[in-house]
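*Asks:* Here is what each chain is made of, one letter per residue.
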Amino acid sequence: MNIALLLEMAAEAAPDRVALVCDGRRWTYGDLLDAARGAFELIRQSQVEYVALLDESSEAAVIAVFGAALAGVPYCPLNYRLPDADLAALLGRITPALVIGDEEGIQRLAGEHDHTVFSREEFVLKAQETVPDDDAREYDPGEGIAIQLFTSGTTAAPKAAILRHSNLLGYIFGTVEFGSADEADAALVVVPPYHIAGISALLSSIYSLRKIVMLPSFSPEGWLALVGGEAVTNAFVVPTMLARIIDAMEKGASGEVSSLRAIAYGGGKMPLEVIQKALERFPEAGFTNAYGLTETSSTIALLGPDEHRDALASDDPKVRARLTSLGKPIPTVEIEIRGENGEALPAGEAGEIYVRGEQVSGEYKEKSALDSEGWFPTRDAGFMDEDGYLFLSGRADDVIVRGGENMSPGEIEDVLLTHPAVADACACAIPSVEWGETVGVAIVTREGHALPCETEIKDLVRARLRSSRVPEKVVFVAELPYNEMGKLLRRKVKDVLAG
Amino acid sequence: MKPGTRLKSATCDTEVMVIRCADGTIECGGAPMGEAKPAEPAPLAADFSAGTLMGKRYVDADGKYELLCVKPGKGSLSVDGVALVTKDAKPLPASD
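Order-wise, the sequence lines are chains L and H. Once you know that position 312 of the first sequence is 312 in the numbering used here, the rest is easy, because the numbers rise by one and skip nothing. Once you know that position 20 of the second sequence is 519 in the numbering used here, the rest is easy, because the numbers rise by one and skip nothing.
Simulated from the structure, these hints should not be mistaken for laboratory data. Mixed in with the good hints there might be a few duds.
Said to hold, decoys possible - Chain L stretches covered by chain H per the calculated footprint, using a threshold of three residues with CB under 8 Å from any CB of chain H:
# : segment
1 : 7–13
2 : 141–147
3 : 170–178
4 : 325–337
Unchecked claim - When the alpha-carbon atoms are kept at most 27 Å apart in a straight line, the in silico DSS-like pairs for lysine-lysine are as follows:
# : chain 1 : residue 1 : chain 2 : residue 2
5 : H       : K555      : L       : K269
6 : L       : K328      : H       : K536
7 : H       : K536      : H       : K589
Cβ coordinates follow ideal geometry from the N, Cα and C atoms, glycine included.
The shape of chain H in the complex, shown without the other chains (with noise of 0.2 Å):
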């Protein structure tokens, strides 16, 4: 797994670009995220299934993970089943 990685949800239709990662299992409504989409889709975690927003990172506490979402899902993204959270951006007032 490297930076620039397009990972697939096993259980939804999410996807997204790693911006930064370690050696930890991505994961998306409990499962672990691929480059492909598995055949049969993996049952969506109830734990699991806030969903994804279009366009936003996520990111772990420690800041060694950050995933954008490119395509939103019902799942929400973990990393080895620890929930990961959004970060903003830090809008520039309209400077270009």
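In isolation and in its complexed conformation, chain L is listed as follows (with noise of 0.2 Å):
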């Protein structure tokens, strides 16, 4: 079955209902369905295996996802904000593509390819031009790869992530009802398209019939105007949008926000400060932090909205705690605790996190990374306490493995931060002769306060952890690397620390 249903059935049901709002222009259910056919055509004429999308949000988006649906050739969007050259080598990687984008820069970075370039301007009104004639059509039936996406690589190169019809509509059809929003509401989509959490907005957005609301380019202004300006319901943001919007509104930044009833967030840790902020300055919204990894097609666990304000609320710890938790894993999925022989662990001991399900798809072009029982490993490590919230401590490739010790570095990293002058900081293995790995931290010091001494920021580690975590090395930096997404780029700060 193919995703490009989701989109059939919502033109059918409403085809004069708003879908999409982008750059002031509105797009009717049935204005996208008759463009995803016009780009069907265009993507069979160009005789492609991928389409691909190197640009920013737009209409464009939501145009090729399901065009590329229809033809049965994978959608691809890039991360146009790469360096060139890990652009240019993702652009060889997807040969011969129709590429939507920048005509020069694709020209420059992959020249030497057969690809097919438009410009964004150019694809969406030819897809609109090429007049849709149903019955000489021969859509595909929706049985291979629907998505192929590169993960972001923060710990090696990117892998190209795939994801099935299948794995798609298992996620839709498992957690949204068809048609079940209100006229009235309207999704802000501020996450680029070339990430997992832009595409599942798009899905689920279409198949509830909810409108779309897409900024292209984030700016807590541009966010706030929007919001009011459309009456927006229900918006997306990873932590670093949310820390920057509640940033600007204390400095006075003006913005009708009543009409948000959910906020959502994910794709990075939300630190505790951001979170509490956000509970109090939009009190009437309802906070989800939602977990899921490209190969899982969005997300495995949830922390709803109560659960964030009772959290909030309560003096018991382990209930507080919940509020940097996960949330517990959604109704169709099954997540496990492992140790490192593949053993489940019981609650409250920490592992690499498994998860199974029909949305799962734990598939790389090169191979899958599905167990024989259909689990998939997803490298980040973490435990799951007594009542089935889910913790996350960092990536399994992170941990510090001291001779044969396993660390995780957000321990080291939480204790670092209780001091004063520590403004935010890293902790990474290092190599040793001595010990295999061992602890280096990068840390990053608040302005006004002095330069803590080595010995300080050791003896702080040693008096709260045990002794094995104390950091070998100590490094001072102006900032520590993040990706556009607002992950931390360990693998720049090991090489830091390792220079």
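Hints given; two lone chains; assemble the complex.
*Replies:* The following block contains the structure:
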């Protein structure tokens, strides 16, 4: 079954309802389906093996994802913020493709490849001009790959994760009731098109008949203006965006935000301070923490609105701690924590997070990472408490193994952050002749505070944790490297510590 | 018959996508459904005239069949004469 069915059903049930608002232009479900069918023609004519988008979010992203699905060609949105050399390499891995984006730039990056390039405007116009002629068409049955996403590559080179129509439809059918949105509902989508959360937002909004309001390029002021202007009811943000929105509001940025009923976040660790402030700034909104991965077609665990408010109001440290948890697994997936030998671990014990379910692809272009029983090792490390709340401690690859003892960078970082002069901290493994690996930390100091000395930092860790956690090397840096989604690039910190 | 097949009712406007199926006969309004619509509509059986709803999933008790209604109609769905029931999604609290 093809993911284009989601748009076909929306257009069948409500052809004239507004589906998308982008740059002031309004598209109905009928408009989008017609354009997707036009895009199908363009894609078929181009005889390509991929449809790639090297551009910010726009109507072209919606038309391309469904056009590619109808044509049976994987849709592959690329991260336009990557350095040229990385983009050129990715463009070389998807030849021949129909690429939507800046023609000159793509020519410069991948001129030697046989790509068919359209600017955004040209692609949209041509897709609209090509008149749909239902009877003559053979749409793809949707038995193959719908979407190929290159992972962000925080620990290694980007991997080509593939999502089949069945994975994405499994997620949507399992978690969204068709046409369930009110006509006044509007979801603000600001996540870039190459991120799984951006794609699942499109699919679930269309299937629920919830209007999508797109903000192609994030700024706190632009976000606040659209929330007020389009009476936005639902929004998804990454933690860094929420921090910047709250910061702008504290500095006096105005915006009518009373229409907001639901704010979901995910894609990186949410600092406790930010979510506490957000709960105060948006007292009427329900907050949801959504945890998911590219390889799982988006959300697999959630901390819901009531759980946020209960945690904030509670005096019980256990309940309060849930504010930093990922919540509980959604009903349509199973989650297990496993130890090094693959054995399931009991509550409270940290290990690797495994997940299984229809929406879980766990598949890369080169090979599937699923085990024989369909479980996907997420490479995320964490534990589940007695009540079933999932806590993340970092990437499994980030675990520091010192003389056979496993240490999570998170626990060391949490201690470092208690120092008044420490604004940000990153712990990672550095090579050691004696131990194999040992702890190195990079620290950003807070403005207006004296630089703490190395001994002070070591003593702080020694006082709170086992002596094995005491950093062997401490460096002070101006800032830590984050990608645009707010993910800490640990491999870059490792390079600094190794140097 | 296989998953992904689109079936049309012989008695009404109903159309479904097959998500899961076995060897039984899938019916709507009491008559077998097919990939093509018959020239003459079959009569709607009174016992199977409760109607189908757009976007609802219909399943049997054993979990062998699952149909998604992609066009609603007056007939209701059954397999070998046994009525199917609706299966609800488990909506998330607006996570995306």
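*Asks:* Hints first: check each against the structure and report whether it holds.
*Replies:* Now the hints, each set against the structure:
With 4 residues carrying a beta carbon less than 8 Å from a beta carbon of chain H, the segment 7–13 of chain L meets the three-residue requirement, and the given coverage holds. Counting residues of the segment 141–147 of chain L whose beta carbon lies closer than 8 Å to any beta carbon of chain H gives 3, which reaches the threshold of three, so the coverage claim holds. Given as covered by chain H, the segment 170–178 of chain L passes the check, having 6 residues with a CB less than 8 Å from a CB of that chain where 3 are the minimum. Closer than 8 Å: that is the beta-carbon criterion, and the segment 325–337 of chain L has 3 residues meeting it against chain H, so the requirement of 3 holds.
For the hint pairing K555(H) with K269(L), the CA-to-CA distance comes to about 36 Å; that exceeds 27 Å, so the pair is violated. A hinted pair counts as satisfied when its Cα atoms are at most 27 Å apart, and K328(L) with K536(H) does not qualify at roughly 46 Å. For the proposed pair K536(H) and K589(H), the alpha carbon gap of about 33 Å is over 27 Å, so the pair is violated.
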